[in-house]
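Asker: Here is how the chains run, residue by residue.
There are 2 protein chains.
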Amino acid sequence: MPRPSQPLRPTTIKDVARELDLSVATVSRALTKPKLLRPETVARVRAAVEKLGYRPNLAAQNLKLGTTGIVYVIVPSLSPFFLEIFRGAERAAQEGGYSVVMGHTDRHPDREGEFFDQVSCGRADGVLLVSTAEAEAIVNHKRRLPPTVVVLEAVEGQIFPTVRVDHKKAAFEATNHLIELGHRRIAHITGPARSPMAIHRREGYLAALAAAGIRSGEGSCVPGEFTVASGEVAMASLLSRPKPPTAVFAANDEMAIGAIRVIKDRGLRVPQDVSVMGFDDQRIATIYDPPLSTVRLPTFDLGYSAMVKLRCILAKESYEMDVVLSTTLIQRATTAAPRIPDA
Amino acid sequence: MPRPSQPLRPTTIKDVARELDLSVATVSRALTKPKLLRPETVARVRAAVEKLGYRPNLAAQNLKLGTTGIVYVIVPSLSPFFLEIFRGAERAAQEGGYSVVMGHTDRHPDREGEFFDQVSCGRADGVLLVSTAEAEAIVNHKRRLPPTVVVLEAVEGQIFPTVRVDHKKAAFEATNHLIELGHRRIAHITGPARSPMAIHRREGYLAALAAAGIRSGEGSCVPGEFTVASGEVAMASLLSRPKPPTAVFAANDEMAIGAIRVIKDRGLRVPQDVSVMGFDDQRIATIYDPPLSTVRLPTFDLGYSAMVKLRCILAKESYEMDVVLSTTLIQRATTAAPRIPDA
DNA sequence: TTGTACGCGTTATCAT
DNA sequence: ATGATAACGCGTACAA
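Heads up: the protein sequence lines correspond to chains A and Y, in order. For the record, in the first sequence the residue sitting at position 49 is 368 according to our numbering, with numbers rising by one throughout. For the record, in the second sequence the residue sitting at position 307 is 626 according to our numbering, with numbers rising by one throughout.
Just so you know, the hints here were simulated from the structure itself, not pulled from any lab data. Just so you know, not all the hints are guaranteed correct.
Any copy, or any two copies together, can satisfy a pair, since identical chains are not distinguished.
To be verified - Derived EDC-like pairs: lysine to aspartate or glutamate, alpha-carbon spacing no greater than 20 Å straight-line:
#1 370 - 433
#2 354 - 485
#3 461 - 485
#4 461 - 369
#5 370 - 436
#6 583 - 608
#7 383 - 584
#8 583 - 499
#9 333 - 475
#10 487 - 499
#11 333 - 608
#12 354 - 334
#13 562 - 359
#14 352 - 620
#15 370 - 425
#16 383 - 414
#17 461 - 340
Work the whole structure out from these sequences, hints included.
Answerer: Laid out in structure tokens, this is it:
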């Protein structure tokens, strides 16, 4: 007959020891270092553990060992882009026997600080920091931070083990793709002004224009916030100009989608009237109509490699300080030669 | 090989006590129950804490208090849909002083079990379980589970505090919307066969057809997996029939998008040639071209209300056992009357 | 091979 | 108002 009674007090290692008339030490060893014991004893312990439903108390283990088996992954937002990085990190963590806890900051330095506080209270053995908002926020905490790996973008002026991509180079290539198609009036919708990622992508855009000898007046940047809505606003402003651009490079896919929506709304076509280039290769880039030309970042690998590196650090093994993964230009259906090439 | 900065021994409460020549008890009280102490003492302690960078060790607190201040939120996947529920849960948790840890199971009962193991080891004070895959998986663990609230869909045959929506009713209304537009040949793309959510939505679809007196041969279900790709496959199969449906009700937005893609690919138009109805009102439903008619679920509120309920349980306050939140039909641009209404 | 005893950092219960 | 001290559950020297 089943006993549905929920024990008021959780079973502890003492209960198991008493049940078997063994010492707690023996029970503990049977569970963590079975090699040291007689196989028969180990078996008896296992049986009793099963019977009593004993689970080691993680808090006590943590306190004793000074280690949690937990890694915090801190991302700016819950967008699909960062989630894919998180997935990679999670995979690598699991392979190493770590659990991951995701924290998202909504691009708020304060929230970042909260997570830093938590980990400095001993809640995690390590941290994966994905594209921190403010370099300063982290500096104040650095002293107390457990081993930390920075992902996606180096923290300015700080030395952390890093796994990243070359945003500037990737943006250069994206812009250059438009130039090679014959475009000259190429606008850029930027990300948030303070985001290092956005800044570097902008630099790549400007560098490509310069390299092609395009006068600065012809290209131009309009501000966005990495959201669809901000892409719409930016594109509307571009289309209201006397000489609208023939191509637009958005600093991420979301804003590119926003741009396309506005272009279509005005009765113009993509790419026949305006070419649009995205960045990130989020899933929506594949399924949108038309499918979006963009730059693929190895998001999963970024997370995966970073977590592997963190595992190396925690295991005191060797690792590369700065790893740069490569990006890929993906031409789909939103970029084409301009109808009336202007020289 | 670079050397990570070795974190020095963390400051403990003893260090603070020694610094001030006070007892650890006083320091502890100054931090947790300032009212019991002389304001001057409290101030001195606060200053020393700041100076030494002391942080209470959470593992030790946890061990002593038998409480973690953590709630696990377990979701089947990292889709935007579940993330929005998670957001709501997080907000309510934060308001109650709890931290949340998200676990996703990839619809894998084993992974669900792993999280259950973790929480039964004392890693969390409570659990928010969003749409569990297998009722059985949870039964084995129920004995050891801390207070648990089920979100989105009741667990079959189990009694848990629940916050959910009426999937069947919502699907009924969605199907009825198509019927009222004049459609008769209405197909349904289902979710995974074992998903209770998918099953109930299907039931709503069938009930609506029956209520309208539509012969069962005219409507029909094709299987999907809640993914864009599966929606494409399902739609392709529907279009290859001698008498394709004039309207399709997909059990979620993703599959609806897949269906639209295939319809457009075949040179047909949405909604002129085929109407498409989604479910969930994910963000993509708003920005897709054309914007998707769908059913809005109060995702954020589901998570929020569920976490509030969990807080009540943990605080031993009263709460409603079963809460059902309402859904909203949203007509956008993918549903219209059929071109040639068939009687 | 197994048992004894201590300590991890904190809070609560007594004292004073 | 403050101090001394006993737990909390576990792992591990050290003993046996």
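Asker: None of the hints should be skipped; say for each whether it holds.
Answerer: The hints, checked one at a time:
{"no.": "1", "hint": "370 - 433", "verdict": "between (41 Å within a copy, 19 Å between copies)"}
{"no.": "2", "hint": "354 - 485", "verdict": "neither (49 Å within a copy, 54 Å between copies)"}
{"no.": "3", "hint": "461 - 485", "verdict": "neither (25 Å within a copy, 49 Å between copies)"}
{"no.": "4", "hint": "461 - 369", "verdict": "between (43 Å within a copy, 15 Å between copies)"}
{"no.": "5", "hint": "370 - 436", "verdict": "between (40 Å within a copy, 16 Å between copies)"}
{"no.": "6", "hint": "583 - 608", "verdict": "both (11 Å within a copy, 9 Å between copies)"}
{"no.": "7", "hint": "383 - 584", "verdict": "neither (63 Å within a copy, 62 Å between copies)"}
{"no.": "8", "hint": "583 - 499", "verdict": "neither (24 Å within a copy, 30 Å between copies)"}
{"no.": "9", "hint": "333 - 475", "verdict": "neither (51 Å within a copy, 36 Å between copies)"}
{"no.": "10", "hint": "487 - 499", "verdict": "within (18 Å within a copy, 54 Å between copies)"}
{"no.": "11", "hint": "333 - 608", "verdict": "neither (63 Å within a copy, 63 Å between copies)"}
{"no.": "12", "hint": "354 - 334", "verdict": "neither (23 Å within a copy, 39 Å between copies)"}
{"no.": "13", "hint": "562 - 359", "verdict": "neither (85 Å within a copy, 69 Å between copies)"}
{"no.": "14", "hint": "352 - 620", "verdict": "neither (34 Å within a copy, 47 Å between copies)"}
{"no.": "15", "hint": "370 - 425", "verdict": "neither (46 Å within a copy, 30 Å between copies)"}
{"no.": "16", "hint": "383 - 414", "verdict": "neither (24 Å within a copy, 32 Å between copies)"}
{"no.": "17", "hint": "461 - 340", "verdict": "neither (48 Å within a copy, 29 Å between copies)"}
In terms of the numbered hints stated before, the structure departs from hints 2, 3, 7, 8, 9, 11, 12, 13, 14, 15, 16 and 17, listed from lowest to highest.
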